[in-house]
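Chains A and B, in that order, give the protein sequences. Each residue of the first sequence is one higher than the one before, starting from 27 at the first, in my numbering. Each residue of the second sequence is one higher than the one before, starting from 216 at the first, in my numbering.
Honestly, the hints are just simulated from the structure, not real lab data. Note that the Cβ used here is the ideal one computed from N, Cα and C, for glycine as well. Be a bit skeptical, because a hint or two may be false.
What the hints assert, rightly or not - A partial selection of chain A residues facing chain B, derived with a Cβ cut-off under 8 Å:
(1) Ser145
(2) Met152
(3) Ala203
(4) Ala204
(5) Leu222
(6) Trp223
(7) Ala306
(8) Arg308
(9) Trp593
(10) Arg597
As the list claims (entries may be wrong) - Covered by chain A, according to a simulated footprint, are these stretches of chain B (three or more residues, beta-carbon under 8 Å):
(11) 256-265
(12) 271-277
(13) 281-291
(14) 302-314
(15) 338-352
(16) 479-490
Stated by the list, open to error - Label-pair distances were calculated between CB atoms; the ranges are:
(17) B:Arg249 - A:Ala641: 16 to 22 Å
(18) B:Ala356 - A:Gly627: 17 to 23 Å
(19) B:Arg249 - A:Arg613: 38 to 44 Å
(20) B:Asn276 - A:Gly198: 25 to 31 Å
(21) A:Ile567 - B:Met216: 37 to 43 Å
(22) B:Asn276 - A:Gly260: 32 to 38 Å
(23) B:Asp473 - A:Arg597: 55 to 61 Å
(24) A:Glu655 - B:Arg452: 54 to 60 Å
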Amino acid sequence: MNFNFFSKKKVEPPVGERVFDLLAITMLFVIGMHATHVPWWLSVALVMILGWRWWQRRQRDGSVPGWLKLPALALLTLAVIVHYGNIFGREPGTALAVGLLVLKLLETETARDARVGISFACFALMAALLFDQTMLATFVVALGLLPALATLRALEPAQAPIAFRHSILASGLLLVAALPLALLSFVLVPRLGSPLWGTPSNGAASTGLSDSMSPGDFIDLLTDDHPAMRVSFGDRPPPPNLRYFRAYVMWNYDGRNWRYAGGRRALTQPAALEATRSIAYRISLEPTQQRILPTLDVPLAAPAQASLRPDREVVADRPINDPVTYDLHSALHYRLQPILDDATRVAGLRLPDRFNPRTLDLGAQWRQRYGADDEAIIRAGLALFHDGGFRYTLAPAPLGRDAMDDFLFETHEGFCEHYSSAFTILMRAAGIPARVVTGYQGGYWNALGNYLLVRNSDAHAWSEVWLAGRGWVRVDPTAAVRPERVTLGAAAAAGDQEAWYRSGWIQGLQNHWDIVNRWWDQGVVGFNALRQRGLLTPFGIHDTDTTTLGILLAIGSVLFIGIGLAWALLRRQPRDPLRAAMRELERKLASRGVKRRSGEGPKHYLSRAARSLSAQREELATLARFYLELRYTHDEPPTESVKMFHRMVRDFRPAGVVK
Amino acid sequence: MRGILQRIQTLAERRLPALTRYRRAESVPIELHRRRIYIVPSGFGAGFSVLLLVMLVGALNYANNASLLLTCLLGAASAASMLVTFRTLDGLRLSHIHAGQAVAGEALELTLTFESARTRQAIRLDLDGQSIPFALSPSLAVGIKVHMATTQRGWHPIPRLRLWSSWPLGMFRAWSWLHPDQQVLVWPRPETEGPPPRGASDDARHMRLHRGDELAALRDYRAGDPQRHIAWKASARYSNLLVKDFEQPQSRPQWELDWRQLGGLDNETRIARLARWVDEAHTQRRNYSLWLPGDEIASGGGPLHYAHCMSALAQLP
Chain A
27 MNFNFFSKKK VEPPVGERVF DLLAITMLFV IGMHATHVPW WLSVALVMIL GWRWWQRRQR
87 DGSVPGWLKL PALALLTLAV IVHYGNIFGR EPGTALAVGL LVLKLLETET ARDARVGISF
147 ACFALMAALL FDQTMLATFV VALGLLPALA TLRALEPAQA PIAFRHSILA SGLLLVAALP
207 LALLSFVLVP RLGSPLWGTP SNGAASTGLS DSMSPGDFID LLTDDHPAMR VSFGDRPPPP
267 NLRYFRAYVM WNYDGRNWRY AGGRRALTQP AALEATRSIA YRISLEPTQQ RILPTLDVPL
327 AAPAQASLRP DREVVADRPI NDPVTYDLHS ALHYRLQPIL DDATRVAGLR LPDRFNPRTL
387 DLGAQWRQRY GADDEAIIRA GLALFHDGGF RYTLAPAPLG RDAMDDFLFE THEGFCEHYS
447 SAFTILMRAA GIPARVVTGY QGGYWNALGN YLLVRNSDAH AWSEVWLAGR GWVRVDPTAA
507 VRPERVTLGA AAAAGDQEAW YRSGWIQGLQ NHWDIVNRWW DQGVVGFNAL RQRGLLTPFG
567 IHDTDTTTLG ILLAIGSVLF IGIGLAWALL RRQPRDPLRA AMRELERKLA SRGVKRRSGE
627 GPKHYLSRAA RSLSAQREEL ATLARFYLEL RYTHDEPPTE SVKMFHRMVR DFRPAGVVK
Chain B
216 MRGILQRIQT LAERRLPALT RYRRAESVPI ELHRRRIYIV PSGFGAGFSV LLLVMLVGAL
276 NYANNASLLL TCLLGAASAA SMLVTFRTLD GLRLSHIHAG QAVAGEALEL TLTFESARTR
336 QAIRLDLDGQ SIPFALSPSL AVGIKVHMAT TQRGWHPIPR LRLWSSWPLG MFRAWSWLHP
396 DQQVLVWPRP ETEGPPPRGA SDDARHMRLH RGDELAALRD YRAGDPQRHI AWKASARYSN
456 LLVKDFEQPQ SRPQWELDWR QLGGLDNETR IARLARWVDE AHTQRRNYSL WLPGDEIASG
516 GGPLHYAHCM SALAQLP
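Just chain B, same shape as in the assembly (with noise of 0.2 Å):
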């Protein structure tokens, strides 16, 4: 069924360009207004109107007319309905997307801003089987976080959304499509193990030996501090984990991370191989250089550094 229903879709965006035309990328900010939102009564508001033309016909039969009155104000009230459902989204402005990072498989956050001149209640914004509910006010920016799966390294477009509301009485069912002209970068998936950079080992060997004489201080735990710096005994007696510090990364040889001393094997192991040596030596606070082909990156560390590194990477050809 849903097939058959997605076909028909296919069909007729591919036939029909100007029923669909706003379902083509477009560039932020986008506003939406009458003509790209579309609204159809909810199966609650097709089963409600049943239940009014049975009350019309029996008041009518029964020459009833309080009742008729009524059943004529209870129709014109979820009429009226309709035009506030549509009201809901007409004018909503995307003003920006801010896209989060991920490697290929995991989630990406995506951060998307709405603002509106009025307030708007229960807007619904739908991606791949995700429904975010929020409300907006005055001219107050919102940024509402949606997560879009990730299968591939690369740029990926941001995938169709959909933004409904069937406020205020959930009888009409109004939305429209947005769809963003706007690229998330996926970084890629660092292989799980393999072997570790040339010369790398001897470095860790000798770190170990020298473990205990380069301990400097005792430090709160930070997420992505490797298992084995906790300080057991000493955060048995605070009430939070405790990491041995160890003050001298600069002290730690760096890695010459090289894309040519990958040969003979395939271009997305080497990237994945390249990826883990990155995400390691992140993780190590170690610093390092990249060389890609068409693009050398210098030695460095920190967040900003692996960031460079990892983009590099997802966006090799």
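Chain A with its partners taken away, still in its complex shape (with noise of 0.2 Å):
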């Protein structure tokens, strides 16, 4: 008896040349989906360090020296330290796991080597999905488990040869016969309603409006022409003129930025709103890490895990770090809050102190002309950009300390945030309560998809003032500079040239593939635990809890486990025809009594129903003659006399039995 347990250890004979191609390719994937967010020159190192590993064991069979394994493992761990400045984290964990993956596989000779290697690159592709989970990026991570399972294929012995493109097909169709139960558990796997512990952000590196605004703040945003939301309508859309997404609604400004109060004001209650006429809408939201929510001009009410605040702007109870769908109803033709308590009108009309002196004088001089009618103030300040020589542009001349002033009397140019901002100090200066809404206005109406696609380049800002009896009134002093910011867009307005992949057939390549994006973004990433909660309300169910869920999902696992186990077991007899034909003549004479004992042989059994049915003694002597012959001389019998014995069994008519 043999008491060592390391020699029981067998030696584990190399992986194969496929094995290890298949790997390396498998490897690749893994670098190819982190290289988005790895620093470029571990993305190459690692893709050289690959390279001639995989070039190194196609010299010969054997893994790295471990003098140069560790430098390599040091050098890694201390690059990371330099670049992140820790090793915790989730990008420099990400990066850190990539590295240990590529260098595992300098010691990867085994079979078990090989399965590890590929169990921790399934989760490191798993892993890439929490940075970038738009559906290109999905469907590239399924394409590295290709690899993957061709690399399990790869290591199991004795095979008949397969060429390479067959084991990565005979992968694929593994994944696609295991798609339908993907779906169903995916489904109605029942999703946390909080996570198990801290979800990380995504960091405030992606563009998107934020809750506060100085001229030239937009300059990023406006050249950006991502997706920001999708809003497709219950009815028809509103007109272009009236496409006006509300997210902030900033007060508080300081002689440089406009800032977002948020919650910090005591006023609780929305603002009062008497609406006309309402729109239902639904907006899908990409992530924006922020709390707030676009809406259509002014909300009815909040959606769902949002709160309505006193402006009537929605915040959501999370920041919104996946894209999310909701469904809203928004006035078009409303009075807002139209009593204005004493507190929110000084709110509305307060300036900061030595700022932009010549504005508030002028401010001043347009009360002292009109008197007390408000809007004539407003016309005259919208005259004033109309005809005073001012200029749209995405290119503004720098501003000093006071901004509005070298603005308004100086520079003459600038874009929606100049204007917006220049006009609600005016306003305040005159006297009239003003504030700057900062939001999406227009958007691009894909009728493919009917849907109203709205791009970060959409992003604007315009102003509310108060009007006695009127309420809050939306003036875009933009408009009156540049009409075509609201019908075309700001890099129209700005009178850059069409860019090149704005024309023709790509615009309608790129109608189809934001589709494609939307439904994507709706269907599976926007498929939270709230949607899944409302997954049965056509069948009458309107809140489907875990149990239930549970119960679908049991249900439809032990469905698909059925087929699965009636293919599995499905038993296919090899074809015959020569013996289907002899099976026929055996029922046949069966029928008149003389059936086929077990083990007996066609020329006895033949022979035997001869001496039962003498009549037909000749032709079944035939028929045996001829079944002997194509049973026993031929390996294969030719196709035309099994045919031929077929058709005489079928015309064989047994007489009755003579005894």
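Hints in hand, dock the two standalone chains.
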């Protein structure tokens, strides 16, 4: 008896070339998927290590010696620490994990190593989706699973030789076969209402509206063509000049920035709203990392998991880190806050001291000139922008300390931020309560998909002024300068050349692509706990709880397992036409009482039959001779003869038994 | 640990015949079917499912539907691979077994012929610590050779064989036991040295004396030719070994081997000595006859005669 456990461990043979190739391809997918957020030099270095290792293994089997592996490991850790500052957290952790995975390949020799490598490669591929869960990324990750599964297949011994692409194809087939069950479990796996542990924030890197605004801030946003949200309307879409999506309502101006006060204001009740016409719509919002939810004009109520704030802006309970979809009703013709209390009026008139003296003077002059006629003052303000030699440009000249003075009296150029900011200050100076609103305006109507695509470049800022009897009224001073801004969009208004990718068939392609992406965002990425609970609404169950989901999942799984088992247990008899013909003859003879005994050869059986059916002795003897010849003189009986035999059997009519 | 497992297995086979009925011997052909194929996750499969669970919890926690979808896909594919693993064995047919010949103590070669109506990959046949992988093509019989250890002469049942597979992903392991109801005959082991049969030594001397005269020709070396017949000088001129061929085997006196001559010895020693004589006579390509209690084999030569004699010796009580 051998008690030495170490010697019992069998030395596994090194894996074959095919396995290693597939493994290397899987690793390439992992590196590729993580290339977007791992420093570029790390990706390049890892690809080079991978390539070198692959080449080295082509020359001869064998793992890389320790004196090479250990420094590589140390170098990787060091590089990650130097680049990120530490090795904890999502980004450095991922970089380190991908690096380790590739370094693991340096010592991958046995089947066991390869299996471990594949397992963690699958894990790393999934982890890549935490950074980017677009349809394209998901599809690429799914493609990456093909070489991973093919590697596992290639690890099995003794296979019939198979071409490389067939081994990939076979894995694809397995995935396709698994798709129905996967979709079922995807839909029915109960989602968590709240995360078990802290979810990472994506950082502030992405562009989007922010809760403060100073002239010139939007410039990154206005040149960013990424989708911000997609809006579909229950009925007809509103006309272009009414497509204002409110996000932040800003009261506080400190001489440079407009700020959103958010929940800091004492007033908690949403402002009164008298609506005469409302419109129903659904917004699919891309992640913003912020809590504000843009709404078309003034919403009647907040959607679930969000609340309506004093100025009827909608704030979600949690930052939007993943795409969300929400349904809303908004008023298009309304009176917002027709009665203004004193505190709000004071807030709406507050201006910082010692900033923009000339602007304040101008406002005061207008008040003197037009007396109590607020609307005349507004007209004066718009007329100033329209006729005062102002220019709309996305590249305005820089502004000094008294930014609005510089803009109104010196540079005369800017975009929506400049105009809304200047206009609001003028109105306040003239004694009209006013505020800045930021959000989106316009959008691209995708006729194919029947929805409005709003891009980041559709970000916009405008003013709202309070008029006695009418409440808060939207005034878009930018429209006074460049009406095209409202009808065509920011880039068009700036007079830039049409971007090449905005024309013709490319735009058609973009439309289709955007529809697919929207479908993905709404159907897959946006399928959250809330949507899951409403899953069975068409069947009359309005709140599908976890237990129901579990039961459904179990039933569905059993169903699929049943189908799978039916397939697995299906036994197809090899088709043998000669045998089938003989069976037919046996059936015919059995009906006349001559049954073939088990273990009885055809010769004996047919001669017995010939004795019993003496009237057809000749016929049976011919059949027997023919059958024996077909069965025993050929390896593969000729098809023609078999057909002929079958015909003869068919024509054979057994007469009554002669006892 | 292994001992305990074996004891549990023996107990289970005694107490739960329903569970283990297909482990009893049965006659070939044996076709595997669902009631005799067992399947469990392999170690890798268990590890992988733990990993899938981690991915599932992670995807749910981060409300990341894309990775949840792919985790479900991977999980479903793994589950589907279980069915493929099962199908690898289901319907497999052991059509017949051909046993080779071996003397006790040497490995006996068994050729198992498998048939299948469809392609099957990566099946493994386990016996005595050997594991032979093979693949099957549709309607093409494949003979798999395994070696069975032998210790004693006589009829021995073929031990239980295990067929298993973890195709396609290695996550599940399906296996089935084959216990063919077939016996193999193991020949007795000849003793290593002992006296020659009565009257044999004179012949040998006589032969050596006349060796030079009787040399008829040179021929290629064949396995089993005695070393002293090799024509070393002649061989040096050619690439292969040449052997001096003595053309008159008939002229050699035949041996009459007789059980009764070996009185005073116990049975096994007698058998071993007779086996050695038969062996020697065969090597020297001499005719011989064999008398055994209850069996008398007339004089003859050649491999068939040799096999006949050895088998008769093997079957002695």
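Original post:
Which hints, by number, does the structure contradict?
Top reply: 7, 8, 16, 17, 19 and 21
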